[in-house]
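A.B. asks: Here is how the chains run, residue by residue.
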Amino acid sequence: MKTTQFPATVNGVSERVAGFIAHLRYNGYTAGVAETEATLQSLRLIDLQDHNQVRLAVKAVCATDKQSFDQFDELFTSYWFNRGREKTSTANSGSSNENQQRRHRPGVEDSMVADSTGTAEQADRNDVAGDSSSDGEGRLIASKRANIIKTDFRELVTPELLQQAQVLAYRLAKVMRDRRSRRYRQDQRGSRLNFRKTLRNSIHHGGVPLRLYRDTKPDRPVKLVTLLDVSGSMTVYARVFLAFLKGLINHDTRTDAFLFHTALVRIGDALKDHDTMRAMNRLSLMAQGFGGGTRIGSNLKLFNEQYAGNCVDGRTVVIILSDGYDTEPPELIAENLQRLKRRNCKIVWLNPLKGWRDYQPVARGMAAALPWLDHFAAANTLESLAELEPALARL
Amino acid sequence: MSWKDLQQQLADGNYIASDELAMAVYLATRQQRPLLLEGAAGVGKTEIAKQLAAINQTQLIRLQCYEGLDASTSIYEWNYQKQLLHVQASRTETAEKIESQIFSEEYLLKRPLLEAITEENTTVLLIDEIDRADEEFEAYLLEVLSDYQVSIPELGTIKARSKPIVVLTSNGSRDLSDALRRRCFYTFVEYPDFKTELAILHARIPHIDAELAGQIVGFVQALRKEELEKKPGVAEMLDWAAALAGLGISKLSDDPVELQATMVCLLKTQIDQYAVTREVTERLAGKVVA
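As you go down the protein sequences, you meet chains G and C in turn. Position 283 of the first sequence, counting from 1, maps to 283 under the working numbering, and the rest follow consecutively. Position 215 of the second sequence, counting from 1, maps to 215 under the working numbering, and the rest follow consecutively.
I should point out that these hints are in silico values taken from the structure, not numbers from a laboratory. Check the hints yourself; a few may be wrong.
Unchecked claim - Stretches of chain G that chain C covers, calculated by requiring three or more beta carbons in the stretch to come under 8 angstroms of a beta carbon on chain C:
#1 38 to 48
#2 57 to 67
Claimed, not checked - Here are some, though not all, of the chain G residues that point toward chain C, as calculated from beta-carbon distances under 10 angstroms:
#3 G32
#4 L212
#5 R278
What the hints assert, rightly or not - The calculated lysine-lysine pairs, modelled on PhoX-like cross-linking and capped at a C-alpha distance of 20 angstroms, are:
#6 K230(C) to K272(G)
#7 K225(C) to K195(C)
#8 K66(G) to K230(C)
Please read these numbers as outputs of a predicted model, since none were measured by experiment. Glycine included, every Cβ here is placed at the ideal spot set by N, Cα and C.
Go ahead and model the full structure; you've got the sequences and the hints to work with.
C.D. replies: What follows is the structure, given as structure tokens:
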């Protein structure tokens, strides 16, 4: 295994370790001065000659989650070992032996030994070049990771994006659900004392309030009902939104979800499947099974007639994920939203098109719906979904 | 003591640790920083804390986290009833004196975190399934773990008499904050490979037949590759091995009916029990026996 040739200006372990930490930071690790310090301290406790020990030690310090833990070994080799490439040299064995001998002189500059090693040195330089390119690749990973959150869903659907969408949805759902009643009810770990009960009970103990009774404001969780448009114009977003829906619903029995297209299908139960990928695939198939057009208005009507009675009340947030392109008269949408609104619920419309530059809600359906919405927002990137958090918390 | 020694000591206590885990444990104990372990259920995250306590011959203090865990159940609480009785009993004293008496350590109920840092000797503090606790608790924990001190308004700050060895475990049901992650040494504990798992089995159930042991481990490893809701962990494997040994089975292919019946040790959900039919069991068993 070849070690990296450091320039002569870099001396001492600490500077190189600092360089390594910077290399990790480039690749998306949250590592800083504290990590450098901890690494150096850890290195004092182990045998520095053994690169395996060094790898294990630095890994324990710098990795912070599963992803960085798995990625670490590769980054380590790429920094310290010229990407761990063994010399598959066609050069004669004599010079490669010489190469072996000087592998622990990382401070020596290339040019100083270039003459003595001849052809092998050429290969060596190629290796160094290879390292810098691989370094570039490492940065690519980093920039991709940072970018993924801003990419429009149409362009890229990766498992990790789905995962993120789910996590995000879970957070949003939590923000919305976390509601407290204004009334008080008895509770062991309540926030305030229930004086009446405490005093009444103190009579048992001759007037000493030995047991304290407390009150708390009980939770009044918000129900979430989601309507997802999976018509032709929305198919590019469907998978991500399904993951998002899955996150919203996550193990919560009070939420429900529907797909619509030309017809309306209840998918709440299917989404509660524990295996995310299986649920996703099943639902994607369900979503594709429909025709091409959209009938938002009549589906809302159907929803009002069949399901709203059961699952929508004053403590419900109805989330509609749709681009608003409809094949029916827009009045139907307005009329049914108004009807839905009479149940005193909140209506949130998330439109992936809204994230585009210069978007105007010109789709007639969308324009008709606007007066009845409590919140109208973009939903084409994870970032835009994340921005919903404060708005939804206010609802 | 080097990290290899520690790994050996763990092995003597019948805990087979991977290199990554052993190094992380070694550094955490030497540098007195918390150790954060993540990984699927049943890979031995909690067990390592018990082993550490055994190696250092100290007490293991365990804090099981759950949703709604708060400071009064994890750090300290005043013994209200005792305080009240004391006030009743000493009516003649002045108010200041009584107050200074009832807000003393005698009336303090120590909960795991406070207990761990006030012990004279170094203890092992296991904070299990930290991801289940709320984010507020996590923030509180950060304070305790970085300064090793607890501030009690009525008493002042209680500094640690000894720094405990802290082991945090997480199953990843919620993302932990970066601040907490960075303060800890981190290791992701994977399911062990064949060799390691075999060593674990031999260490835990020494009298088991070598051939059967190989079959058991091979079977469980193959089973983990199936599409299951809940993959069997090492603990399940050990249960199963004990069950098989107890039933006197010497070869997995001997009695398919009995084998299927013992699968209750490995499959912990109804869906999994449904999915792993007798045919699947026999196919897997056939592979490892041959």
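A.B. asks: Now, for every hint given, state plainly whether the structure supports it.
C.D. replies: Hints, one by one, checked against the model:
no.: 1; hint: 38 to 48; verdict: holds (count 6)
no.: 2; hint: 57 to 67; verdict: holds (count 8)
no.: 3; hint: G32; verdict: 8 angstroms, holds
no.: 4; hint: L212; verdict: 7 angstroms, holds
no.: 5; hint: R278; verdict: 8 angstroms, holds
no.: 6; hint: K230(C) to K272(G); verdict: 16 angstroms, holds
no.: 7; hint: K225(C) to K195(C); verdict: 17 angstroms, holds
no.: 8; hint: K66(G) to K230(C); verdict: 19 angstroms, holds
Every hint, counting from the list given before, is met by this structure.
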